[in-house]
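So the chains spell out like this:
There are 2 protein chains.
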Amino acid sequence: MIRGATSCLVLGGGGFLGTNLCRRLAASGLRVRAFGRQCLFPQELEGVEWLQGDFADAAALAAAVETSNLVFHLVHGTKPQSANLDMAADVQYNVVPTLALLDMSRKLGVQRIVFVSSGGTVYGDSRQIPTPETAATDPITAYGVSNLAIEKYLALHEHLYGLSFRVLRVSNAFGPFQVPLKNQGIIAALISRALRDEAVEIWGDGSVVRDFVFVDDIMDALEAAAGDQSDARIFNIGSGEGRTVREVIAAIELLLARKLDIRWKDKRAIDVPVSVLSIERARDVLGWTPRTPFEKGLEKTVSWWQSRKT
Amino acid sequence: MIRGATSCLVLGGGGFLGTNLCRRLAASGLRVRAFGRQCLFPQELEGVEWLQGDFADAAALAAAVETSNLVFHLVHGTKPQSANLDMAADVQYNVVPTLALLDMSRKLGVQRIVFVSSGGTVYGDSRQIPTPETAATDPITAYGVSNLAIEKYLALHEHLYGLSFRVLRVSNAFGPFQVPLKNQGIIAALISRALRDEAVEIWGDGSVVRDFVFVDDIMDALEAAAGDQSDARIFNIGSGEGRTVREVIAAIELLLARKLDIRWKDKRAIDVPVSVLSIERARDVLGWTPRTPFEKGLEKTVSWWQSRKT
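As they're listed, the protein sequences go chains A and B.
Counting in the working numbering, the first sequence runs from 4 upward without gaps.
Counting in the working numbering, the second sequence runs from 4 upward without gaps.
If you're looking for bench data, these hints aren't it; they were derived computationally from the structure.
Mixed in with the good hints there might be a few duds.
You can't tell identical chains apart in this list, so a pair holds if it fits in one copy or across any two.
Straight-line distance between alpha carbons at most 27 Å, and here's what the computed DSS-like set of lysine-lysine pairs gives [stated by the list, open to error]:
#	residue 1	residue 2
1	K82	K110
2	K262	K303
3	K270	K110
4	K82	K270
5	K299	K262
6	K82	K303
7	K82	K268
On a predicted model such as this, the values are computed, not experimentally measured, just so you know.
Based on the provided sequences and hints, a complete structural model is requested.
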């Protein structure tokens, strides 16, 4: 799947997507190194070399990049909400260390960087639904601006230095190993709280539409992007379908055969009403397709949470 | 021209565009304050309050913003070439201080920020010539990326906090008060060196096409943007016409009635082959039009250089 790559580095390898990716890559027989501030599930990363470090620590980062020829950049040092509260900090934690990463990657001979960008925020409140990669990018959160800036710097490094890259603009991801931290991951929050008989706070009235994509499908896309030899650089990765938050709640209630306890709160200025990605480019160019029906993904996620409880 | 604005602040007010703008605003009877690291022509800023300071010095900047209700942001702490050599420094000198500016502007009640962006770099090597504001933005210099990021943060601050803004993407400016510093300003370099019988180094073979716009026309556009009440936010400002560097050299040779001494050097990766802006939006929405024919602008520029020599 990934030509010539023998040693992979997963930045943010201790998080939700990172844990899934490390497991997938290790299962493919690749040498895998994970780097991050925190490892959520150390026991799940068997056979993976774990390097604890801060993305903004250039020396630690260089030690991780060295001897790696394929780098997956999954670090997001901030979240959509916190990024708006201190936009300069968002730049310092995400953009500036990425520039250091790009610089050392070209010097250390990295063959390709695959960056997971934010399909839910780079477009802003798009007039095109489902939103293609060619749509205008007018983020309404600083998180979207910094992700977009990173995308532009990746393209610039390819132009100037030939450093190969791919960007995946991933929509709302869900699945095993996602834990509801810092107000992220609504499905993880709904399931985990329901299993503990706790209430969940949700901003808005549940009418916002999101594109929920199951984590295994994202892993397929990451592998495909790592080996892609096409002229395309940026790919939307989502389910291609929109669901309201109310529909998601109903689906979980059906699966768990119980009513969820939702506390509705005022909507936030950073939440766009509708976010659904067009995934035609990834289908056509990567030959990728989301294989997991939403209900199936929910089932797997519920099973994972139930296995944790026991 | 500018409704309700009584006190203007020109950030970068000591530079080429800044000096021209301060003089224009002061002549309109407005209270004008200029802020910058260096004032190129202090004797030309009669009636303008000059505040020496670094854009990255938040306290100095806040003192300048206070009591101003209209802010012109003309600071570019780096240049297209130097920005690529240290992209993180470009972020630190341009993007981060702009975020501080936006934060203090909304807190101090600034009515509008007008930002001069880089029409020559934000689009990159565009497939659409002349390039409209809606074209893809794929910069091939870090300078273009940071200018683009600033544009996005301006839009974000309007979305979140109602801070009003306009962006002018200005093409290659020329005219009085432009001095050839840090390899910028090819027309200033050609004229000033010719008058001193010195050679000029030029990258490439002179076939690159640029959109040269006379500084007085840019001043018209800045005034129009400051007072604009339309729904548009971003405007290309150029002449709408492309000229090769060789054509520019020929026009100057004709005016000065002498051959210029050019030293041709290898072309640079940061120079796009063609950069010409479509200016239809500014014509339609701002009612603005470039009034100065290229040869007339050259004449005025030569006269200015000749007046400096005597």
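Tested hints:
| no. | hint | verdict |
| --- | --- | --- |
| 1 | K82 with K110 | between (30 Å within a copy, 24 Å between copies) |
| 2 | K262 with K303 | within (20 Å within a copy, 77 Å between copies) |
| 3 | K270 with K110 | between (46 Å within a copy, 24 Å between copies) |
| 4 | K82 with K270 | within (17 Å within a copy, 42 Å between copies) |
| 5 | K299 with K262 | within (20 Å within a copy, 76 Å between copies) |
| 6 | K82 with K303 | within (26 Å within a copy, 52 Å between copies) |
| 7 | K82 with K268 | within (19 Å within a copy, 47 Å between copies) |
Every hint from the earlier list agrees with this structure, and none is contradicted.
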